[in-house]
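Visitor: As they're listed, the protein sequences go chains A and B. Residues in the first sequence are numbered consecutively from 9, following the numbering used here. Residues in the second sequence are numbered consecutively from 29, following the numbering used here.
Note that these hints are calculated values from the structure, not bench results. Incorrect hints may have been included.
Computed footprint of chain B on chain A; a stretch qualifies when at least three of its residues, placed anywhere within it, have a C-beta under 8 angstroms from a C-beta of chain B [what the hints assert, rightly or not]:
no.	segment
1	94 to 101
2	137 to 146
Sample of chain A residues with no beta-carbon within 10 angstroms of chain B, all distances over it, derived [claimed, not checked]:
no.	residue
3	L28
4	V167
5	R218
Here are the simulated lysine to any residue pairs, SDA-like style, with alpha carbons at most 20 angstroms apart [as the list claims (entries may be wrong)]:
no.	chain 1	residue 1	chain 2	residue 2
6	A	K123	B	R98
7	A	K123	B	N97
8	B	K272	A	H230
9	B	K272	A	R242
10	B	K257	A	M265
11	B	K314	A	D54
12	B	K272	A	G121
13	B	K314	A	Y109
14	B	K314	A	T98
15	B	K257	A	K60
16	B	K272	A	A243
17	A	K263	B	V259
18	B	K272	A	G235
19	A	K123	B	K314
20	B	K272	A	E226
21	B	K314	A	D15
22	A	K60	B	K314
23	A	K253	B	I256
Virtual Cβ for every residue (Gly too), placed ideally from N, Cα, C.
So you can see what is in the structure, the chains are spelled out below.
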Amino acid sequence: MSEVEPDWDEVKADIISRALSRGAAVARVGDPAALTDAAPGQRPVDLLPQVKSMIVLGGSAPRAGEWNSPRAEVLETVGTADRMSALGSTLARQIEDGLGYYALNVPTSTDEGDKPFLDFQAAAIVAGAGTPSLAGPVLHPEHGFLYLTVILTSLPLPVDGPLEQPACPAPECVEMYDEKGRTPCTSVCDIDDGGCLGGEIQEGLVIGRRYDANRCRERVYHYWIPGYQAVMERALSEPDAEKRKMLLYGSYFTKTMWSITYSNVSQGQCFECVKVCPVGSAQRELK
Amino acid sequence: MTQALEETTDLIKEVGLRAGATVVGVAAVDAFNEYVPEGHRPADFLPGAKSVVVSGSLGPSNAAWQSPNRRLMEITGYDFRENVSALVVAEHIETNHGYQAMQAPALPTSGQHPPMSMMLAAVLAGLGTRSIAANIILNPTYGLLYYAATITTMPLVPDHQLEDEVCPARSCVKMYEQEGKTPCMAVCPADEGGCIDATLEDGAITSSYFNRERCSTRAMNFGIRGHIKQVELLTNADDIEESKAVLYSDDFRRNLSAVGRYKESVAQCFECMRVCPVGRYRRNLK
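Looking at chain A on its own, in the form it has when it is part of the complex:
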């Protein structure tokens, strides 16, 4: 007796519903073939030869209270990106155990050369979990900034596809740009003034985006691995034993170690461009 073809719309609806009920704010399906142009080794098929669909989950952004805290240290230490990754693992396991199809939760850590296994932002754009922004992160029109995780699966799910309307620039940003020649994010981290972001808006669309990824990385990952390397380099070059001790036992190095060992709660420390972004800001306004 031949196997009855499942109703793939129903299968997809069930997976999406599980993801949303367990904490994802956005769950969409993209076509992995749309990432064929990625560098060899970073294409979905390079990670899972049987891949047919790419489930992109977004969520666990900082909470409204955290965005509103006057202490920058709050956002620096309470990132919750790990929740999405854990949800991805659970969902992948449920797909394999319950449906009998391969499901791979792509690691959030990086491959050799610090390259990601898969470009999560490109996957999110292809699946319609967000669109590119001037600020850098992919932004969802309703939720704004979200942490992402991607599940590659051999399930042939119906594809959602990219969003038709870009989330960035928001109407307020276009207005500000028309008046002042910059948006909230380019204003707070101006690439021409020691910051990381620049770009122009023409007829409501971002053109010529400029982004200093290296400078941004240095600031965002202040206490992460680069911070550790920087302190170690200074300590190893310091001939004075007392000064070496000050570096190694100082609060900066201690915070760096906290950041590494608690990587699930504290990886990035700069949220300034997203803090001023109006996309999704309605989610941050509570009583």
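Fit chain B to the given chain A structure using the hints.
Guide: Just chain B now, kept in the frame of chain A:
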């Protein structure tokens, strides 16, 4: 009374399974006495302990085993669900049954030996038997599983140890008879720089050798040990340029990343398990 105890035991196993374990078994604390010295027995950690509830869970997903990028398996192994299961079982026992319960200490606190062996706990709880492949405890249905345990003062009905050895599998015995080695011995032979060796007779293991030190330098390439080794290199460097070459190398970054994301990257070599037939059929999906 016995039936009530059996039902309670089944209920507690169900709690562990619902919390994410793939298998749950129970061992009696006395069963440990024959195998481990004082200081490593359940009652040494929880006086008055009667039972040990062992949770086992799968590591890498089946898709991860399929990936042609071996480095992906290096860092996408675990979700530590067995630990969650053990903690949930402990919480359930204390809250609902009024007995003391705690997660068994499994991480080494001195040297390389854990305070309590999860491998032994799994064997005594009837969840698997020791294999040629790095002494890994193989479950007859799933093969490689990761184990955690709950020690409790609650009396439960213990499971029996498995009567049949899971390793060697029939196909491995056949291969050994033809080639003098099993798949795991072939992929990592001790006499050719690998970690595994064994002899079989009448389908049973008669001797086995596992070079744990060598295995750990390979299986735990990135992480705490790798980082310690690099700190040693840094402290012995002749000048700052030599230090910087170590400090800013990809290897150094990957080691620190493995320390930071320990949950994703505990071990990096799966080769003996990749070729092990026990439970492998379960990795073939659509």
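Visitor: All the hints need checking, so say for each whether the structure fits it.
Guide: Hints and how they fare:
1. Remark: the segment 94 to 101 of chain A is confirmed as covered by chain B, as 5 of its residues place a Cβ nearer than 8 angstroms to a Cβ of that chain, reaching the required three.
2. With 0 residues having a beta carbon nearer than 8 angstroms to a beta carbon of chain B, the segment 137 to 146 of chain A misses the requirement of three or more and the stated coverage is violated.
3. A cut-off of 10 angstroms between C-beta atoms confirms that L28 of chain A is not in contact with chain B; the least separation is 20 angstroms.
4. No beta-carbon of chain B comes within 10 angstroms of the beta-carbon of V167 of chain A; the shortest separation is about 19 angstroms.
5. Non-interface call for R218 of chain A relative to chain B: holds, since the shortest CB-CB distance, roughly 26 angstroms, exceeds 10 angstroms.
6. A C-alpha spacing of about 15 angstroms is found between K123 of chain A and R98 of chain B, which places the hinted pair at or below 20 angstroms, so the restraint holds.
7. Taking the CA atoms of K123 of chain A and N97 of chain B, the gap is about 13 angstroms. The hint holds against a cut of 20 angstroms.
8. Between K272 of chain B and H230 of chain A the CA atoms are separated by roughly 19 angstroms; this keeps the pair inside 20 angstroms, and the hint holds.
9. Taking the CA atoms of K272 of chain B and R242 of chain A, the gap is near 10 angstroms; set against the 20 angstroms cutoff, the hint holds.
10. Restraint check for K257 of chain B and M265 of chain A: the C-alpha separation of about 18 angstroms stays at or below 20 angstroms, so the hint holds.
11. A C-alpha spacing of about 18 angstroms is found between K314 of chain B and D54 of chain A, which places the hinted pair at or below 20 angstroms, so the restraint holds.
12. Restraint check: the Cα-Cα separation between K272 of chain B and G121 of chain A comes to about 16 angstroms, which is no more than 20 angstroms; the hinted pair holds.
13. With a C-alpha separation of about 5 angstroms, the suggested pair K314 of chain B and Y109 of chain A falls inside the 20 angstroms cut-off, and the hint holds.
14. As the CA atoms of K314 of chain B and T98 of chain A are separated by approximately 19 angstroms, the hinted pair is consistent with the 20 angstroms bound.
15. The straight-line distance between the Cα atoms of K257 of chain B and K60 of chain A is roughly 42 angstroms, outside the 20 angstroms bound, and the hint therefore fails.
16. A distance of roughly 12 angstroms separates the Cα atoms of K272 of chain B and A243 of chain A; the hinted pair therefore holds under the 20 angstroms criterion.
17. Pair hint K263 of chain A plus V259 of chain B holds up; C-alpha atoms about 19 angstroms apart against a cutoff of 20 angstroms.
18. Of the pairs offered as hints, the one joining K272 of chain B and G235 of chain A holds, with about 14 angstroms between alpha carbons and a cut-off of 20 angstroms not exceeded.
19. Note on K123 of chain A and K314 of chain B: the hinted pairing is violated, with a Cα-Cα distance of about 29 angstroms set against a maximum of 20 angstroms.
20. With a C-alpha separation of about 17 angstroms, the suggested pairing of K272 of chain B with E226 of chain A holds against the 20 angstroms cut-off.
21. Annotation: proposed proximity of K314 of chain B to D15 of chain A holds, straight-line Cα distance about 16 angstroms (limit 20 angstroms).
22. Among the hinted pairs, K60 of chain A with K314 of chain B is consistent with the structure: their alpha-carbon atoms are about 11 angstroms apart, no more than 20 angstroms.
23. At most 20 angstroms may separate the alpha-carbon atoms for a hinted pair to count; K253 of chain A and I256 of chain B meet this at roughly 19 angstroms.
Comparing the model with each numbered hint stated earlier shows that hints 2, 15, 19 do not hold.
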